[in-house]
Each structure stands twice: as structure tokens, then as C-alpha cells.
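Start from the sequences and build out the full structure, keeping to the hints where you can.
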Amino acid sequence: MAIDNAARDSAETRLAKALFGFKLRDNAFHLLTLAAAWTVLLLLGGVIVSLVAGSMPAIKAFGFNFLTSEAWNPVTEKFGAMAPIYGTVVTSLIAMIIAVPIGLGIAVFLTELCPYVLRRPIGIAIELLAGIPSIIYGIWGLFVLAPFVQEHIQPGLIAFFADVPVLSMLFAGPPYGIGMLTAGVILAIMVLPIMSSISRDVFETVPAVLKESAFGIGCTTWEVVRFIVIPYTKVGIIGGVMLGLGRALGETMAVTFVIGNAHKITASLLAPGTTISATIANEFTEAVGDLYTSALIELGLILFVITFFILAISRYMLMRMHQQEGR
Amino acid sequence: MTLFLRTSLAAVAISVVTGLSAVAMDISGAGATFPFPIYAKWADTYKKETGNGLNYQSIGSGGGIKQIKAKTVTFGASDMPLKPEELMEAGLVQFPTVTGGDVPVVNLEGIKPGELVLDGPTIAKIFLGEIKTWDDPAIKKLNPKAKLPSQAIVVVHRSDGSGTTFIWTDYLSKVSPDWKSKVGASTAVEWPAGIGAKGNEGVANNVIQTKGAIGYVEYAYAKQNKMTYTDLINKDGKSVAPDAESFKAAAANADWANAPGFYQILTDQPGAKSWPIAGATFILMHKVPEDAAAASEALKFFAWAYDKGDKAAEELDYVPLPDSVVALIKKTWAAEIKSADGKPLLN
Numbered sequence: 001m002a003i004d005n006a007a008r009d010s011a012e013t014r015l016a017k018a019l020f021g022f023k024l025r026d027n028a029f030h031l032l033t034l035a036a037a038w039t040v041l042l043l044l045g046g047v048i049v050s051l052v053a054g055s056m057p058a059i060k061a062f063g064f065n066f067l068t069s070e071a072w073n074p075v076t077e078k079f080g081a082m083a084p085i086y087g088t089v090v091t092s093l094i095a096m097i098i099a100v101p102i103g104l105g106i107a108v109f110l111t112e113l114c115p116y117v118l119r120r121p122i123g124i125a126i127e128l129l130a131g132i133p134s135i136i137y138g139i140w141g142l143f144v145l146a147p148f149v150q151e152h153i154q155p156g157l158i159a160f161f162a163d164v165p166v167l168s169m170l171f172a173g174p175p176y177g178i179g180m181l182t183a184g185v186i187l188a189i190m191v192l193p194i195m196s197s198i199s200r201d202v203f204e205t206v207p208a209v210l211k212e213s214a215f216g217i218g219c220t221t222w223e224v225v226r227f228i229v230i231p232y233t234k235v236g237i238i239g240g241v242m243l244g245l246g247r248a249l250g251e252t253m254a255v256t257f258v259i260g261n262a263h264k265i266t267a268s269l270l271a272p273g274t275t276i277s278a279t280i281a282n283e284f285t286e287a288v289g290d291l292y293t294s295a296l297i298e299l300g301l302i303l304f305v306i307t308f309f310i311l312a313i314s315r316y317m318l319m320r321m322h323q324q325e326g327r
Numbered sequence: 328m329t330l331f332l333r334t335s336l337a338a339v340a341i342s343v344v345t346g347l348s349a350v351a352m353d354i355s356g357a358g359a360t361f362p363f364p365i366y367a368k369w370a371d372t373y374k375k376e377t378g379n380g381l382n383y384q385s386i387g388s389g390g391g392i393k394q395i396k397a398k399t400v401t402f403g404a405s406d407m408p409l410k411p412e413e414l415m416e417a418g419l420v421q422f423p424t425v426t427g428g429d430v431p432v433v434n435l436e437g438i439k440p441g442e443l444v445l446d447g448p449t450i451a452k453i454f455l456g457e458i459k460t461w462d463d464p465a466i467k468k469l470n471p472k473a474k475l476p477s478q479a480i481v482v483v484h485r486s487d488g489s490g491t492t493f494i495w496t497d498y499l500s501k502v503s504p505d506w507k508s509k510v511g512a513s514t515a516v517e518w519p520a521g522i523g524a525k526g527n528e529g530v531a532n533n534v535i536q537t538k539g540a541i542g543y544v545e546y547a548y549a550k551q552n553k554m555t556y557t558d559l560i561n562k563d564g565k566s567v568a569p570d571a572e573s574f575k576a577a578a579a580n581a582d583w584a585n586a587p588g589f590y591q592i593l594t595d596q597p598g599a600k601s602w603p604i605a606g607a608t609f610i611l612m613h614k615v616p617e618d619a620a621a622a623s624e625a626l627k628f629f630a631w632a633y634d635k636g637d638k639a640a641e642e643l644d645y646v647p648l649p650d651s652v653v654a655l656i657k658k659t660w661a662a663e664i665k666s667a668d669g670k671p672l673l674n
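Sequence order for the protein chains is U and P.
Sequential numbering from 1 applies to the first sequence in our numbering.
Sequential numbering from 328 applies to the second sequence in our numbering.
Worth flagging that the hints you see were computed from the coordinates, not collected in a lab.
A couple of the hints might just be wrong.
Restricting the straight-line Cα-Cα distance to at most 16 Å, the calculated cross-link-like pairs of lysine to aspartate or glutamate (EDC-like) are [said to hold, decoys possible]:
#1 P/Lys553 x P/Glu442
#2 P/Lys509 x U/Glu77
#3 P/Lys538 x U/Glu151
Given the structure is predicted, the values throughout are model-derived calculations rather than measurements.
This is the structure we're talking about:
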């Protein structure tokens, strides 16, 4: 009996030890991952704090006027963010209008219609597009796209819409080649890979049985895409669109090359404009004086806030959609 | 300056410099992009001759001024000279190294380099957006023989802050009261007209691509790219072409001896041969540097550059300073840059 007891005791202690070890390791792992998660929050907080601290001189000097003023005069140190904000929003909108339908189209083609042999090459080509550094898009835009747009697209647009009431204002003025429209087109090309590869990935998550049943009851491919694939994946699609929008809002180098960098708000999409990130990239190195630098940092803060709100709105939209689905 | 900026700049400087500062006696400098090619060339030859290297980071004049004020580099470089009172306040000494300047470039069918002549007030009106076409009477009057088309003028300017822009706008401010009151002079201004392009290459490319365009680029850039430049009418009313001779004339005719802190902008200088939009590029150093050894190395380097670097500068289309100015600079070093115990750093 004594021997049995002794054996059981040692087995129990070993078990207890082993369990304790597991617990310890689990706790350590928990702490480690928790720390990693907190690092992100701390970094984000650090960014916000330093942006706000850096913008304080400009906030004190201009107050709310900074958001509504179109002035950008480094000589007299009068700064306003209206023109860059306008340019950022308009170029991103143009990019979305072009890229969303094309991106979705590519994804639908790749998942539903494309012959198997072509899927991989096309998929890889799209991912290669995503891997091209933005400066290369910028140079390509400046040397190839802008002259092409100037010679072949803008004169046509100006002539075609000359007599249409609202559109004649959107497409007015001399064809410079560079300007808001060209910047929007470059952005569209740059966000296209993100949108199409994310949509393709989520389209592939649609259970084959759903599609098969739809085809089984006589649906056409169009109907399957429209009523099965897209409703099933709309959350993912919106996520992809928002990621693309995020990139379009913050994209810097490519835009700087082709937007024309004028601190002006013009109705015409062909006119030169500027964006928040292009302004910062252009002017930071030679910004002499604290107020000038501070105004640039405040622009950065504004971009941060805009991106934050867009992400928040998209989260909210996704939440609403989940709730509606629940009913 | 806020703590945030100072620390972030220091961080940038450290990350920029550490990668290159393996050799102990390297001199570190940062600033203007315009003189970067010649500083790099000098540094290369200097290293071969003496074994001492130079890290020059071309981060822009504004960056150079900030870095030298934050004491993260041995010298800062700027195309826009600091005013004497600003130098005083920061305890800095300033001296020019080489000169260059701006050249107006155009894209007009049938017009060859040097066939067109412009003057300051006319350029100011073009850049203000008041002269809108090439066959404007003001341009015709200056060029009675040229065939000027009735084409819209597309103004192209720099979008990034730049010493080239400072020289350009400083010149326009000197010759046009309108420009002075409406726009002013700085490395970046609120442009009344035209499109902005990044860098000399961006301006050049936009001018080349756009018919009827006028822009300004740095002299070496216009020359190396064989762009269609225009002649200019200078302060003495003479028409001059942009070349080494006219840049040298502008530098030689400037009154350096009576410019405290070498605060001398070479635009609109007198003299029959002076190119009106010339400018020098400057070095900034502390009067009492924290690291006296590095500062004395930097001074040795610049002394060597003044003595032996002229040929290299000319090859890169920079214009060396006249000997009289170099003598003034060396005098200033001896009198103003000192170690903590008051001894001049360069013997």
C-alpha cells in the first residue's frame, strides 16, 4: 500500500507540475500577445500626441479658420487647409469611381468566368501591379500618362462637354495633362490591385454548394453573381473598397508628380490642384520657420482624422448590415 | 521649436548619419540640394587626398537650417542666406561656397535657345498671370524680330520648396513692386498662376511637354539638358546670356565686403555683364562648435575646396567664387569661428 501511495503521490506531483508549467507558459504567452496588442495602441497614441503637439503653433495661430481658408502663403505665413483637403477628397473620389467597378469586374471574371489556365497568370499580374512602388507610378504618370491625357483625352473631354451645363464646368480650361483628373486616374490604377485581389479572395469564400444550387435552379452566371456572390460577400467587398480608399487618401509620391501642385480650389477637374500628402511631401524639406512646419504637421493631423472617420464610418456601415441580416 | 520636432529631427539625423559614419573623422553636413553634386565631388577627391570623408545629406535648405540649429551636424547648407540678426540669434556663421542661378526656359515652336530676350518686369507680369499670351505687346516690344505665336502662356513653377525658387522670387521682388506686394520672396510662395512641378526635372519636363510653357530651372540643369533658355536684360539695361561669364560677373560685382554675415543675394546685381538671377549657396556653422575637432576638419575641407576645387566646380557648371570673396571668407573664419577657449579653429 505504502508503495502504491508513494507512486500515486509522485504521479500527482508530476501532473501538478506539468499543469503548472502549462499554466505558466499560457500566462506568459497571454502577456506577450497582450503586450503586442498594447504596443499598437501606444504607437497610435504616440502618433496622435506628437501630431497634436506639433500642430499646436498652427492651431493657436489660425484656429478653426485653418480648415476653411484657401490661403497658402509661406511668405506671409498665412496657411489654410481647404485646397489640399478638397484635392484629397476629389482625387480619391475619382479613383473610387473608376476603380470600384473595374476591380469588382476583374474579381468576378477571375472567380466565375475565367478559364482555369488563365487564372494564375492574371492573378499574379494583378499582384505584381500592387507591388510596384508608388514613385514608379509617379514617373510613369508624368512621362507617359500625362502627355497622353493632354493630347488625346482632355481636348476631347473639353469639346464633348462644352455645351452640357454642369459638366462643362467640370471639364474646362486648357489641357495641361497634369491635374486632378490625371491624379485620380493614377490613384485608380494604384488601388485597383488591392480591390480586385481582396474581392477575388472573398468571392472564393462563397460555398460552392450555394452557387451550384443557384445554377441548379436555372440561374444565369449574372444572376449567380448578382444574387448569391455579391450579397454573400458584401462585407468583404466593402472592406476592400475601404482599404483602397485609405491608400488613395494617403498616396503621396505618385500624386505629387501629376497633380500640378496648385493651392487652389477650381471647379474643373482638369485644373491643377494639390492633396494633403502631396503638400507635406513637397514642402516639408524646405519649410523654414516654426509656423510653416507646424501648418504642415496640422495637415498631417487632418489627414489622420479624415482617414479615421472614413474607417469609423465603414465599420458603422458594416455593423448596420450585420444587424439587418439578423432580422 | 517644440520638443517633438527637435527629437524627431534628431532621430532622423541620427538614422541618416549613423549608416555612414563608420570612419571616425568624417565631417557631417546636411542641407540644400542644389550644391549636392559639387559637394559630393569635392568630398570624393578630398577623401582620396587626405583620407577624411564627408557625409553630406541633401535634405533641402530648410532641413539644413534646422539641423545646424539642432546641432546634429557639423555644418548646415542653405541656398537662402540667413539674415544677420538670425545668425546672431542662433550663434551661427555663414559663408558662400559656389554660385549658380536661375535660367528662364521656354517651349515655343521655332524659337531657339537665346533667341528670345525678356526683362524682369515682363517675367513678373507673366508669372502674376497678367500677361497671358506670347504675342502680348510687352513681349513683342522686347523681341521685335521674333515670330511670336498668339499662344496661351503656361507658367510652370516649382511645387517643392527650393533655393531655386527663392532666387527666382527674390529677383522678381526686386524688379516688380507688384510682385513684391502680392507674392514676395521665399523658398515657396503662393503662386498666382500656373502649375507646380516637383524638382528641376519636373519643371523641365513640364516645359518640354507643354507648348507655350515658361518655367525656370537651375543653370546647370538648363545647360546640361540643352533647354531653350531666354536671354535677360540686366540692371544696366544690357541683354546677357546665361553662361559662366555672366554668373561670375554677378558674383564679382556684388558688394561682399559690406554685407554682414555674407548676407548677399546675387540677384539684380550691377554690371554690364552680370546675369540678373544669380545666387550663391551658403554654409552655416556654429561660432563656438560643440565638437571643435569636427568643425576644424570641416573648415579644412572648405579651405581645400576654395583652393583646389574650382575646376571640379566648373566641370559641373557651378561658378566658383572670386578670389577676393574667398579671402574675405577666410578672414571671417579666423575672426569668428572659435573653440570654447577662444582660439581660432583653423590655423
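Taking the hints in turn, this is what the structure says about them:
{"no.": "1", "hint": "P/Lys553 x P/Glu442", "verdict": "holds, 14 Å"}
{"no.": "2", "hint": "P/Lys509 x U/Glu77", "verdict": "holds, 13 Å"}
{"no.": "3", "hint": "P/Lys538 x U/Glu151", "verdict": "holds, 11 Å"}
In this structure, every one of the numbered hints holds.
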